[in-house]
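A.B. asks: Generate the whole structure from the sequences, applying the supplied hints.
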Amino acid sequence: MSNYYLNRRKFLQGSAVLGAGLVAPTIFSRAASAYTNEPGKGSVVLGFNVPQSGPYADEGADELRAYKLAVKHLNGEGDGGMLNTFSSQMLKGTGILGRKVEYVTGDTQTKSDAARASARAMIEKDGAIMITGGSSSGVAVAVQSLCQDAGVIFMAGLTHSNDTTGKDKKANGFRHFFNAYMSAAALAPVLSQHYGNDRKAYHLTADYTWGWTQEQSMIAATEELGWETVNAVRTPLSATDFSSYIAPVTNSGADVLVLNHYGSNMVNSLTNAVQFGLRDKMVNGKQFEIVVPLYSRLMARGAGDNVKGIFGSTNWHWSLQDEGSKAFVASYGKEYGQPPSQAAHTCYVQTLLYADAAERAGSFNPCAIVEALEGFEFDGLGNGKTLYRADDHQCFKDVLVVRGKENPTSEFDLLEVVNVTSADKVTYDPNHPMFAGGSLGKCNPGV
Amino acid sequence: MDAILLQILNGLDKGSAYALIALGLTLIFGTLGVVNFAHGALFMIGAFCTVTFNNLLSFKRVTLSDTELSPWGTPLEIQVPYVELWFGEFGATMIDYSVFWSILFAIPVMLLVGIVMERGLIKHFYKRPHADQILVTFGLAIVLQEVIKSVYGANPIPQPAPEAFVGSIDVGALVGMAENAVIYPIWRLVYFLFAGVVIGGIFAFLRYTTFGMVVRAGMADRETVGLLGINIDKRFTAMFGLASVVTGLAGVMYTPILSPNYHMGMDFLVLCFVVVVVGGMGSLTGAVAAGFLLGILQSFASMPEVKDFLFGFSIDQVIIYLVAVIILLTRPRGLMGRKGVMET
Numbered sequence: 001m002s003n004y005y006l007n008r009r010k011f012l013q014g015s016a017v018l019g020a021g022l023v024a025p026t027i028f029s030r031a032a033s034a035y036t037n038e039p040g041k042g043s044v045v046l047g048f049n050v051p052q053s054g055p056y057a058d059e060g061a062d063e064l065r066a067y068k069l070a071v072k073h074l075n076g077e078g079d080g081g082m083l084n085t086f087s088s089q090m091l092k093g094t095g096i097l098g099r100k101v102e103y104v105t106g107d108t109q110t111k112s113d114a115a116r117a118s119a120r121a122m123i124e125k126d127g128a129i130m131i132t133g134g135s136s137s138g139v140a141v142a143v144q145s146l147c148q149d150a151g152v153i154f155m156a157g158l159t160h161s162n163d164t165t166g167k168d169k170k171a172n173g174f175r176h177f178f179n180a181y182m183s184a185a186a187l188a189p190v191l192s193q194h195y196g197n198d199r200k201a202y203h204l205t206a207d208y209t210w211g212w213t214q215e216q217s218m219i220a221a222t223e224e225l226g227w228e229t230v231n232a233v234r235t236p237l238s239a240t241d242f243s244s245y246i247a248p249v250t251n252s253g254a255d256v257l258v259l260n261h262y263g264s265n266m267v268n269s270l271t272n273a274v275q276f277g278l279r280d281k282m283v284n285g286k287q288f289e290i291v292v293p294l295y296s297r298l299m300a301r302g303a304g305d306n307v308k309g310i311f312g313s314t315n316w317h318w319s320l321q322d323e324g325s326k327a328f329v330a331s332y333g334k335e336y337g338q339p340p341s342q343a344a345h346t347c348y349v350q351t352l353l354y355a356d357a358a359e360r361a362g363s364f365n366p367c368a369i370v371e372a373l374e375g376f377e378f379d380g381l382g383n384g385k386t387l388y389r390a391d392d393h394q395c396f397k398d399v400l401v402v403r404g405k406e407n408p409t410s411e412f413d414l415l416e417v418v419n420v421t422s423a424d425k426v427t428y429d430p431n432h433p434m435f436a437g438g439s440l441g442k443c444n445p446g447v
Numbered sequence: 001m002d003a004i005l006l007q008i009l010n011g012l013d014k015g016s017a018y019a020l021i022a023l024g025l026t027l028i029f030g031t032l033g034v035v036n037f038a039h040g041a042l043f044m045i046g047a048f049c050t051v052t053f054n055n056l057l058s059f060k061r062v063t064l065s066d067t068e069l070s071p072w073g074t075p076l077e078i079q080v081p082y083v084e085l086w087f088g089e090f091g092a093t094m095i096d097y098s099v100f101w102s103i104l105f106a107i108p109v110m111l112l113v114g115i116v117m118e119r120g121l122i123k124h125f126y127k128r129p130h131a132d133q134i135l136v137t138f139g140l141a142i143v144l145q146e147v148i149k150s151v152y153g154a155n156p157i158p159q160p161a162p163e164a165f166v167g168s169i170d171v172g173a174l175v176g177m178a179e180n181a182v183i184y185p186i187w188r189l190v191y192f193l194f195a196g197v198v199i200g201g202i203f204a205f206l207r208y209t210t211f212g213m214v215v216r217a218g219m220a221d222r223e224t225v226g227l228l229g230i231n232i233d234k235r236f237t238a239m240f241g242l243a244s245v246v247t248g249l250a251g252v253m254y255t256p257i258l259s260p261n262y263h264m265g266m267d268f269l270v271l272c273f274v275v276v277v278v279g280g281m282g283s284l285t286g287a288v289a290a291g292f293l294l295g296i297l298q299s300f301a302s303m304p305e306v307k308d309f310l311f312g313f314s315i316d317q318v319i320i321y322l323v324a325v326i327i328l329l330t331r332p333r334g335l336m337g338r339k340g341v342m343e344t
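So the sequences go chain by chain: A and B. Once you know that position 357 of the first sequence is 357 in the UniProt record's numbering, the rest is easy, because the numbers rise by one and skip nothing. Once you know that position 296 of the second sequence is 296 in the UniProt record's numbering, the rest is easy, because the numbers rise by one and skip nothing.
Keep in mind the hints are simulated off the structure, nothing from the lab. A couple of the hints might just be wrong.
[Stated by the list, open to error] Computed cross-link-like contacts, DSBU-like style, restricted to lysine-lysine with a CA-CA straight-line distance of at most 30 Å:
| no. | chain 1 | residue 1 | chain 2 | residue 2 |
| --- | --- | --- | --- | --- |
| 1 | B | Lys149 | B | Lys123 |
| 2 | A | Lys111 | A | Lys167 |
| 3 | A | Lys385 | A | Lys68 |
| 4 | A | Lys111 | B | Lys149 |
| 5 | A | Lys68 | B | Lys149 |
| 6 | A | Lys72 | B | Lys149 |
| 7 | A | Lys111 | B | Lys307 |
| 8 | B | Lys307 | A | Lys286 |
| 9 | B | Lys307 | A | Lys281 |
C.D. replies: Right under this line is the structure:
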């Protein structure tokens with residue numbers, strides 16, 4: 001029979017071994033994973049979360065094409081596209097920080113809950129280190145918040161609400177696309193020039209964050225011109241037939257209809273408005289006019305002849321003749337047999353900007369990426385010189401005012417650029433009332 | 001007054017679609033006693049008959065230009081529809097009128113779809129509870145929706161009306177009102193007239209043909225008609241096919257109003273069930289009347305004056321359900337419901 005006596009020395013030795021055993025894995029895991037989804041040496045995964053169904057599915061399909069092209073270029077395949085014109089010149093077609101770029105995709109369904117669920121799956125199951133995409137500001141705001149909490153970077157795709165980089169801004173989120181305030185600021189002088197300063201406007205507005213801020217921005221800008229706002233009616237995002245909303249416009253005394261709609265909503269509302277003869281109407285002794293503040297070529301194609309002569313704004317257009325735009329159009333056109341949309345452009349550029357920031361920072365750590373992107377000035381990606389403002393993570397660049405072409409030469413040649421409004425004309429103070437109420441907070445690296 | 005006339009027209013137009021779909025739904029329910037949740041899918045398939053026929057008619061020969069380049073530097077593709085190539089001006093007119101031609105294409109397609117749906121699946125659920133019927137037909141609707149999505153994609157596909165029917169006319173001037181007071185799209189009037197013809201045709205068919213009389217007798221007392229040696233099942237299968245055609249044609253003609261998309265059937269389905277319930281389960285007249293009534297009410301509810309009257313509260317999205325609640329509270333069988341239908 002043997003007796004085991006636990007003396008003080010043995011207790012201390014045992015405690016030290018046990019303690020070391022418990023602490024060691026934590027130390028190793030901390031070293032191995034200093035932030036959420038830190039990639040291994042072989043590859044890095046990006047998450048492309050786009051609407052593949054719902055009212056913005058057209059944009060989503062084009063965004064996905066652009067993302068795939070960006071991955072191709074980052075991995076050194078194809079002609080390199082805008083890698084060759086980007087002023088930074090850090091990207092050499094060798095992936096990001098020597099890792100091959102891989103991607104996973106998700107369908108946002110143009111619904112915030114579905115978008116968050118697919119983004120979460122990409123972060124937790126697929127190890128995505130950066131999430132990008134979206135064609136709805138409601139979705140973008142929701143996913144941006146999720147990425148902030150999860151400790152990954154969100155490079156917004158198409159989102160135009162002031163709130164994305166206004167009251168809902170987040171340190172881990174960045175937006176290259178322009179916003180509703182910029183659209184209104186760029187459009188107002190052109191509207192004044194063509195339609196005068198004595199107009200009565202009727203607004204139909206998609207009832208969610210983007211529509212609200214677009215309506216607010218347009219009302220502010222046009223009322224500053226001297227226009228009167230007759231009515232502003234909210235329409236549900238799920239609406240398909242807008243005839244009930246259009247019919248009252250004809251008897252409202254308004255002589256301008258502002259359609260704060262996007263995607264298939266805009267296609268249907270504009271088609272309804274033209275069907276109801278609004279464009280042939282004379283009201284208050286003036287020709288009735290329709291304005292679509294946010295345009296895209298894809299929507300223009302859906303609306304067909306109805307877009308002819310109608311003014312709007314756009315973030316980018318394939319007819320731009322700067323070297324970056326030409327390189328992107330050539331590359332995208334050869335790959336897919338069609339020119340890219342503004343949604344495709346902004347998504348492609350966001351992917352390159354993320355990759356470039358990682359290269360410059362020498363790390364995928366979200367906080368290092370944030371530091372690299374804040375206040376970053378670049379050129380060669382279309383729209384001229386661009387600044388990623390540190391205060392709100394919003395890009396400031398030239399804004400295009402476009403008009404539906406009267407005599408298009410092809411199914412792609414639907415919009416003509418009538419004015420390029422310089423970045424300084426659309427820049428606003430970070431504390432502007434339309435953007436107030438939120439805070440970037442601190443970058444979150446996650447784990 | 002002009003605003004009221006405009007909303008009435010608008011309501012009649014919405015109501016036309018509701019009435020046509022609800023009519024098909026009631027034909028199926030009245031004859032077979034099946035609650036068909038795949039009915040919206042029939043409307044969608046009808047719309048995609050137009051897309052398919054338009055695609056067939058517009059099938060293009062693609063050649064590459066020797067001289068012109070696309071914006072991305074490749075030879076420019078020149079696309080000419082074969083029909084136009086072969087028949088010149090007449091071919092171009094054929095493409096322009098593809099919505100009307102699609103009616104001829106859709107009739108046999110919808111008849112086949114209806115008969116296959118009934119014989120292949122639904123007949124096995126005649127004697128099962130309504131809950132089972134709802135589950136299986138709803139599942140079928142989702143399958144059909146996903147099939148259309150995988151073939152045609154998720155995006156809406158615009159289908160223009162024929163050139164001669166594009167634009168609008170001054171309805172106000174026609175009825176002696178001031179010029180330009182009531183401008184209304186031509187195609188929506190065409191849709192309303194089309195719905196009137198189809199609804200009239202179905203009622204005449206059921207009332208004045210022997211086939212129709214037997215079907216009506218079968219709807220009233222299936223067993224007795226069967227005892228007279230009439231194969232009522234075959235006639236009811238034919239009625240399912242006919243209901244599919246009616247609903248499909250509603251979809252065909254709706255395409256210039258709303259670009260077809262894979263979920264359009266689901267968008268209409270719930271509304272049309274409400275229409276059928278408000279009209280009275282199993283009542284054809286009730287379905288048509290409720291379709292127009294609810295269409296008009298929905299149109300009026302979206303007027304800014306109504307919103308102002310309700311202190312800024314918008315009811316255009318809920319008016320149909322509010323009315324349904326009120327009608328069902330006061331008339332539990334709906335406006336024209338028959339005793340014994342869906343009652344235990």
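A.B. asks: Would you pick out the hints that fail for this structure and give their numbers low to high?
C.D. replies: Nothing - there is no hint that the structure violates, so all of them hold.
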